[in-house]
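Protein chains in written order, with this note's numbering: chain A, 1 to 451; chain B, 1 to 87.
Note that these hints are calculated values from the structure, not bench results.
Even for Gly, the Cβ is constructed at its ideal location relative to N, Cα and C.
There may be inaccurate statements among the hints.
Calculated from the model, a selection of chain A residues having no Cβ within reach of chain B, i.e. all distances over 10 Å [claimed, not checked]:
| # | residue |
| --- | --- |
| 1 | LEU44 |
| 2 | THR45 |
| 3 | SER153 |
| 4 | ALA161 |
| 5 | ILE168 |
| 6 | THR205 |
| 7 | LEU209 |
| 8 | HIS345 |
| 9 | LEU347 |
| 10 | LEU394 |
| 11 | LEU398 |
| 12 | ILE400 |
| 13 | ALA450 |
Result set (BS3-like, lysine-lysine): computed pairs, CA atoms no more than 30 Å apart in a straight line [stated by the list, open to error]:
| # | chain 1 | residue 1 | chain 2 | residue 2 |
| --- | --- | --- | --- | --- |
| 14 | A | LYS384 | A | LYS373 |
| 15 | A | LYS373 | B | LYS79 |
| 16 | B | LYS26 | A | LYS213 |
| 17 | A | LYS373 | B | LYS73 |
| 18 | A | LYS385 | B | LYS79 |
| 19 | B | LYS79 | A | LYS213 |
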Amino acid sequence: MDMMLMLQMVLAAFAGTIIYTIVGIAPGTDETAVLAPVTLVLVLTGLEPIVILTFFMAAIIAKKLTDSIPIAVAGIPGGVMAAPMVEHAIVLKEHGKPELAMRKMASGSVIGTLVAIPVSLLLAHFLMRYSDFIASYANELFFAGAVILALMSKQRWIALASILPFAILIQGLRHLYWGLGVIPEGKDVFVSFFLGITIGPVIITLFELLNSKIRKSLPRYSEKTIRSAKNSKYRGLPNPFRILTTQELSLSTIASCVGAILFIMSPVGITILLGELVSSFVKDPIKKSTLAISSMDALTNATYISGTLIPLIAIGIPLSPVALGPANALFNAPPVLTLEHNLHHILSMSDFIWATMIGAVTAILLTYFIVIKYAERICLFVFKKVPHEAMLGLFFGLVILLAFIDAGWINIAGVLLIGLVAGFMHRLGVNYGVQFMILYAAPWIVQMIAM
Amino acid sequence: MSEEQQSVSNEAGENIEIWTDLVNLKDLIVAMVITAITTLGAYFVAPNVEPLPMLFGLVGALVGFAISAILIKPKRQFKETEHEEEA
């Protein structure tokens, strides 16, 4: 491999690790919302695909390592996928052991990464022979995926009922832009709609604030009080195999394998199941909690890595919740990457292995060490210095930028419309997975019902 | 989420909850306006050579984020509690 390219990959891995070590700590950072836009912009700037993959792998691994910190320190999940761990981590916090929770989670996370990478590469290798067959049914699969994800979600009927109307909204806007000549006919508008869906819940809240009645009736708070424990330092070199007990290590390994194989399912769902399973066979509250959080963190990390790598290497179309969400830009970021020409088609197996290894090793070495040693200090720094308003402002700025680039001024309103509908659907219980599948399936669905 | 761990004081506050954390409405508008201006501003002043406009836009967004982070105070309070060392 070219030395210059290697250097770029290492730099990208460092950048991804450092940025997402900090982002992971910030509370309420949805994985899709923080990873997808940045990856998108990097793809669109025309960086080498292998460099972007390295960045992405380092970023998710670092993010998954650190999003457990705010749970342990403050009982606030650092991301949506970390939410199921809160109740177990809080037990440890109540027993005055937040740093134990942090170490167990971070160590579980490392195990998840170490197990998921080889398992994903093997599975992808095995699935690769079917890739042409699978890819030739992409449209039908997206539609089926939307139906299946809808049926698996808690609010299955509303999710099912929203598929057609939402597909029509998406295609309707595209045809409007084509008809008005804002963009050449047939040019895809994808990236900005994707982001509109991502920040939908925020957009609907912002619109509600414009209604004086709702604004006045909203609950008001002064400040969020976060109780944090005083700093306690870890002595010696951090080593996940020493921090975890044999039982925790074995369950984390098994959970990671299962998570990697079930890459097509929602990580949150499997994590909750695992938590309940652990609760049923361990009685001691502290042991139960450490076992639960270490294996849950291993599992979420494993589903993350496999959900990205397997569809990317084996098929080239985003057929997992992770691939549809955070990793989406690696599959589809027109005009640079499309479903017919993305990382799957551009990179070779050894490229994938190199990018994954450099990303993973950098993220684990840097972030795991930092988490174990300085977690509380970093956490307090982020909580004190990064206002939530600035985070929301950043998303808003990126959405406006990408909306404008996609289809001019009119599309800023178009994306607001998408966000408004998506946010409303989200409230009714239609999850992101279903909405993203509809976004992919929309052209085919509309074509089918127009016949 | 347990009330004890994450107590949100209810008395005479100004802030509202969006996406699991508290914001002040005026501060939020300030942050959104600042970031929108820096982002689009940077995008439009960039030389018209791909991929510079997009890159400028991204940097503009980060600059907006940094300005907002300096101007706005997070709505979080801290209470440090003692706890025993792990055995």
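(message) For a quick check of understanding: which of the numbered hints are violated here, in increasing order?
(response) 1, 2, 6, 7, 10, 11, 12 and 19
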